[in-house]
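Colleague: Counting along the sequence shown from 1, when you hit position 124 you're at 133 in our numbering, and nothing is skipped either side.
Don't read these hints as lab results, they were simulated from the structure.
None of the values given here were measured: they were computed from a predicted structure.
Warning: the hint list may mix true and false statements.
As the list claims (entries may be wrong) - Below, computed lysine-lysine pairings styled on DSS-like, alpha-carbon distance capped at 25 Å: (1) K288 x K91; (2) K91 x K282; (3) K288 x K270; (4) K250 x K282; (5) K162 x K222; (6) K91 x K142; (7) K125 x K91; (8) K225 x K279; (9) K125 x K55; (10) K142 x K51; (11) K281 x K250; (12) K142 x K125; (13) K225 x K250; (14) K225 x K282; (15) K281 x K222; (16) K222 x K282; (17) K250 x K274; (18) K53 x K142; (19) K55 x K91.
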Amino acid sequence: MKKFGDFFFFIFFILIFILSDSMNEDAKAASYKVKTIDFYTKDKIKDSLLALEEWDISPPSFSNGLYIIDINIFRTGRQIDKMLQQSSNSPGIGTYVYRAHGAGSYTISGQGIDGKHHIANSYLVGYQPFEVKNVMMPLYVLSQRKSYMLDEKQYRGRLDVWQSSKEAFYYPRGDCEDHALALADWLIEMGEDARVVVGDWNGDGHAWVILFKNGKEYLLEATRKTRTLRTKPYPVAILHKEYHPQYMFSREYFWENDGSKYTSKYSGSKWKKRSQYHKT
């Protein structure tokens with residue numbers, strides 16, 4: 010009987026430890042919560058919009074080159090521009106994947122508002138509307154500031170149009186990648202490790218943001234207005250099996266998921282760093 014008593018005491022101790030650890034994680038997550046968007050923040054949003062001019066939200070700058078890591082090849086800005094020109098001349102293609110033997114899918118491009126293709130990294134232009142200290146604030150501001158609208162409705166039948174991070178904050182409507190680009194770039198300017206992810210959500214093409222913070226991965230979704238509450242912490246990515254990542258990029262690097270599309274992990278050996286983007 011004593012052995013059984015010791016065993017049950019051990020199990021009870023483990024359960025208490027797990028519960029305590031979970032409560033500690035909840036406490037950490039709670040520190041990122043946003044209570045409300047106050048009048049000061051609303052004024053900052055207004056000031057940021059007034060500061061943007063039409064010339065200031067022009068399409069992404071030209072590339073200064075792209076280093077393809079696996080095959081150790083550097084493509085110059087002129088070569089990249091020629092490659093993008095060919096994609097721009099392909100009617101109906103909003104997002105284009107570039108592959109090379111031995112290099113996998115080494116980058117993607119998206120068609121901008123100007124009708125031209127630009128490398129995905131270049132849409133992260135280095136824009137922060139205004140400074141905030143709480144990492145939850147950019148997600149909440151964008152979820153309230155920007156309305157979701159399909160590209161074909163906003164751009165007269167064009168199926169896939171990308172807004173740069175600055176354009177995405179300036180224009181009040183956009184689809185998933187527009188929300189993701191604005192959010193990721195804001196977080197990057199705050200010094201966070203945030204990346205745009207392209208894949209599918211329950212079978213439908215989608216884009217979202219992954220934030221790497223304090224050894225954890227958080228999935229950020231600014232297009233879901235009803236679920237982005239002021240009192241909810243960032244969701245842990247591993248719990249969201251309905252998101253199926255294929256590619257991931259920051260301002261500088263591009264990764265390809267070389268493992269299962271059903272993974273909910275955004276780091277590890279299956280994520281291959283394919284290229285490094287050089288911007289003028």
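Colleague: For every hint, state whether the structure bears it out.
Modeller: Tested hints:
1. At most 25 Å may separate the alpha-carbon atoms for a hinted pair to count; K288 and K91 meet this at roughly 16 Å.
2. Distance hint between K91 and K282 is fulfilled; the C-alpha atoms sit about 24 Å from each other, no more than 25 Å.
3. Between K288 and K270, the direct Cα distance comes to roughly 30 Å. Violation of the 25 Å bound is thereby established for this hinted pair.
4. Using a Cα cut-off of 25 Å, the hinted pair K250 and K282 holds, with the two alpha carbons roughly 23 Å apart.
5. Pair hint K162 plus K222 does not hold up; C-alpha atoms about 36 Å apart against a cutoff of 25 Å.
6. With a CA separation close to 41 Å, the supplied pair K91 and K142 exceeds the 25 Å bound.
7. Taking the CA atoms of K125 and K91, the gap is about 12 Å. The hint holds against a cut of 25 Å.
8. For the proposed pair K225 and K279, the alpha carbon gap of about 17 Å is at most 25 Å, so the pair holds.
9. Proximity of K125 to K55 is assessed by CA-CA distance (about 30 Å); at most 25 Å being required, the pair is judged violated.
10. With a CA separation close to 15 Å, the supplied pair K142 and K51 stays within the 25 Å bound.
11. At most 25 Å may separate the alpha-carbon atoms for a hinted pair to count; K281 and K250 meet this at roughly 21 Å.
12. At most 25 Å may separate the alpha-carbon atoms for a hinted pair to count; K142 and K125 exceed this at roughly 36 Å.
13. About 16 Å separates the Cα atoms of K225 and K250, which keeps this hinted pair within 25 Å; it holds.
14. At most 25 Å may separate the alpha-carbon atoms for a hinted pair to count; K225 and K282 meet this at roughly 19 Å.
15. Restraint check: the Cα-Cα separation between K281 and K222 comes to about 20 Å, which is no more than 25 Å; the hinted pair holds.
16. With a C-alpha separation of about 19 Å, the suggested pairing of K222 with K282 holds against the 25 Å cut-off.
17. Distance restraint check for K250 and K274: the Cα-Cα separation of roughly 10 Å lies within the 25 Å cut-off, and the hinted pair is therefore satisfied.
18. Our distance criterion of 25 Å between C-alpha atoms is met by K53 and K142, whose separation comes to about 14 Å.
19. Distance hint between K55 and K91 is unfulfilled; the C-alpha atoms sit about 39 Å from each other, more than 25 Å.
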